[in-house]
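**Student:** Sequence:
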Amino acid sequence: SLSYLYADQSSKRQFKMMLCKLTLVLSVVSSVSSFVPQALQRSTPSKVSLLPATLEGAEDQFERRSFLAKSVGMTLALSSLIGVPSASLAASAFASADYKAVAADISELVKAAPDQGPTLVRLAWHSSGTYDKMSKDGGSGKGTIRFKEELVHGGNAGLGKTAVAWLEPLKEKYGENLSYADLYTLGGVAAIKTLGGPTIPWCSGRVDAMDPSAVTPDGRLPNADSGPPGADESDAAHLRKIFGRMGFNDQEIVALSGAHALGRCHTDASGFDGPWSPTPTTFNNLYYKLLLDVSWSKRDWDGPYQYEDGGKKLMMLPTDYVLIQDDKFLKYVKLYAADEKKFFDDFSVAFHKLEDLGTKNLVPTQWA
9 SLSYLYADQS SKRQFKMMLC KLTLVLSVVS SVSSFVPQAL QRSTPSKVSL LPATLEGAED
69 QFERRSFLAK SVGMTLALSS LIGVPSASLA ASAFASADYK AVAADISELV KAAPDQGPTL
129 VRLAWHSSGT YDKMSKDGGS GKGTIRFKEE LVHGGNAGLG KTAVAWLEPL KEKYGENLSY
189 ADLYTLGGVA AIKTLGGPTI PWCSGRVDAM DPSAVTPDGR LPNADSGPPG ADESDAAHLR
249 KIFGRMGFND QEIVALSGAH ALGRCHTDAS GFDGPWSPTP TTFNNLYYKL LLDVSWSKRD
309 WDGPYQYEDG GKKLMMLPTD YVLIQDDKFL KYVKLYAADE KKFFDDFSVA FHKLEDLGTK
369 NLVPTQWA
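So the sequence shown is numbered by this note's numbering: it starts at 9 and just counts up by one.
There may be inaccurate statements among the hints.
Calculated lysine-lysine pairs in the DSSO-like style (CA-CA distance at most 30 Å, straight line) [what the hints assert, rightly or not]:
1) K320 with K141
2) K339 with K321
3) K361 with K336
4) K321 with K297
5) K249 with K141
6) K201 with K141
7) K339 with K368
8) K144 with K321
9) K156 with K144
10) K141 with K181
11) K297 with K320
12) K320 with K361
13) K201 with K306
14) K169 with K156
15) K349 with K249
16) K119 with K361
17) K108 with K201
18) K342 with K368
19) K320 with K336
20) K144 with K336
21) K306 with K336
22) K141 with K306
23) K156 with K181
24) K349 with K336
25) K321 with K141
26) K249 with K336
In short, the hints are calculated from the structure, not lab data.
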C-alpha cells in the first residue's frame, strides 16, 4: 500500500517530485549505450528484415528500449495512483530529440533536392493511412513502413529506395531519441512547409515496433482507380470506404487529395505517369483549379487509364477526376479552388488528424 505516503499534502508533493525525477533519470540513462549491463543480456529476437541502411546493432537498441519501456510502464502505473498526468511522464521519457533540429535537417534536404519533398509527404501519408478505426490497428504509431513486409504493399512502391533511405542518415544522427515513426511523420509536415505550404501541428512520442508483426494487410491505401477503367461512381465509393475506415468525411477526403499539388507519378512505381500540376514542388491550391478549368481526356497509351490535359503535359488519376463528377465532392473542390487560405487551413487540420491515427499519449511539439 502507498497510503502512508499520503499523510499530508507535503508528502504527496514529494512523491510526485520523486516520480518525475525517476522518469527523467530513465530517459537520460536510456541514451547511454551501456544501459543494459552484460549480466542482464538475454537472447534477442532474430534479425528482422529491414532495409540494408538500417543501423547495425538493432538488437542492442531493442534491449535498451524494451528495458526503458518496462520501466516507464511501471512508472506510469504508479503515476495513476497519485494523479500525475501519464502523457507528461511518457513525454519526458521518450520525447528527448531536438525536433526543431530534425525538422531543420529535413528542410535542408528538401531545399537541396526539391523533388524529394513530395516523396517525403507520400511516406508520411502512407505510414499513417493504414489505420482502421474498428480494429484500432495500423496508422503512424509504430513506424512499420520501414519493414519490407509493408514496403512491398502496392501503394508503397518505390518508397524503400527513396524516402525511407533518404531519412536513414537522420535516424543515425539522432539515434534512439528519435523514433522512425516520429521521423517519418515529421518529414511530411516539414516538407510541406518547405515547399510553401502551411505549418501543420505535429505531435511527438511515437514508439517504434521492433518487428513486422504489427504490419497491417495490404489494401488499406486508396487506389488510383477502382472498378471499371476511368472515373465513375465506384471510385467515389472506394474513396469513401478507404477514408471512412480511418474516420474521414467528404470534406476531409477532398482536402487531403490536395496533396496531389505536389509530385508526380512514375511508371516504375505506380505505373501511372506525369505531374498533376506544372508546379510539382510548390504546395498550393492549383490542383483544384486544374480539375475545374482544364478539359481532361483519356490518355492514349499502353499504361493504365489516366487523364491528360490538351497539352499532354499534366495528368489526373480516375480517383482525382471523380472529385468533380460527384456532387458532394465537387462543392469542396470549388471551395478550395476559390480560396487557398481555406484549403491550407482545412488541409492542416486533416493532415494533422491523419498523422495522429494509430497513436496514443502523443505530446504537441514545437518543430518549426
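**Student:** The structure should be examined with respect to each hint, and the outcome stated for every one.
**Tutor:** Hint by hint, here is what the structure shows:
1. Annotation: proposed proximity of K320 to K141 is violated, straight-line Cα distance about 40 Å (limit 30 Å).
2. Under the criterion of a C-alpha separation no larger than 30 Å, the hint pairing K339 with K321 is consistent with the structure, at around 26 Å.
3. Only pairs whose Cα atoms come within 30 Å are accepted, and K361 paired with K336 is accepted, the gap being roughly 21 Å.
4. For the hint linking K321 to K297, the alpha-carbon distance of about 16 Å falls within 30 Å, and the restraint holds.
5. About 12 Å separates the Cα atoms of K249 and K141, which keeps this hinted pair within 30 Å; it holds.
6. At roughly 28 Å between alpha-carbon atoms, K201 and K141 fall within 30 Å of each other, so this suggested pair holds.
7. Distance restraint check for K339 and K368: the Cα-Cα separation of roughly 34 Å exceeds the 30 Å cut-off, and the hinted pair is therefore not satisfied.
8. For the hint pairing K144 with K321, the CA-to-CA distance comes to about 41 Å; that exceeds 30 Å, so the pair is violated.
9. Simply put, K156 and K144 have alpha-carbon atoms about 22 Å apart, close enough for the 30 Å limit, and the pair holds.
10. As the CA atoms of K141 and K181 are separated by approximately 34 Å, the hinted pair breaks the 30 Å bound.
11. Distance restraint check for K297 and K320: the Cα-Cα separation of roughly 17 Å lies within the 30 Å cut-off, and the hinted pair is therefore satisfied.
12. Between K320 and K361 the alpha-carbon distance is near 35 Å, which puts this suggested pair outside the 30 Å criterion.
13. Our distance criterion of 30 Å between C-alpha atoms is broken by K201 and K306, whose separation comes to about 33 Å.
14. Restraint check for K169 and K156: satisfied, since their Cα atoms lie roughly 11 Å apart, inside the 30 Å limit.
15. Under the criterion of a C-alpha separation no larger than 30 Å, the hint pairing K349 with K249 is consistent with the structure, at around 28 Å.
16. About 26 Å separates the Cα atoms of K119 and K361, which keeps this hinted pair within 30 Å; it holds.
17. Distance restraint check for K108 and K201: the Cα-Cα separation of roughly 13 Å lies within the 30 Å cut-off, and the hinted pair is therefore satisfied.
18. Distance hint between K342 and K368 is unfulfilled; the C-alpha atoms sit about 35 Å from each other, more than 30 Å.
19. The hinted pair formed by K320 and K336 meets the criterion: a straight-line CA distance of about 29 Å does not exceed 30 Å.
20. For the suggested pair K144 and K336, the alpha carbons sit about 28 Å apart, so the restraint of at most 30 Å is met.
21. For the hint pairing K306 with K336, the CA-to-CA distance comes to about 24 Å; that is within 30 Å, so the pair holds.
22. As the CA atoms of K141 and K306 are separated by approximately 36 Å, the hinted pair breaks the 30 Å bound.
23. Our distance criterion of 30 Å between C-alpha atoms is met by K156 and K181, whose separation comes to about 22 Å.
24. A C-alpha spacing of about 21 Å is found between K349 and K336, which places the hinted pair at or below 30 Å, so the restraint holds.
25. Taking the CA atoms of K321 and K141, the gap is near 39 Å; set against the 30 Å cutoff, the hint is violated.
26. Simply put, K249 and K336 have alpha-carbon atoms about 15 Å apart, close enough for the 30 Å limit, and the pair holds.
Of the numbered hints listed earlier, those contradicted by the structure are 1, 7, 8, 10, 12, 13, 18, 22, 25.
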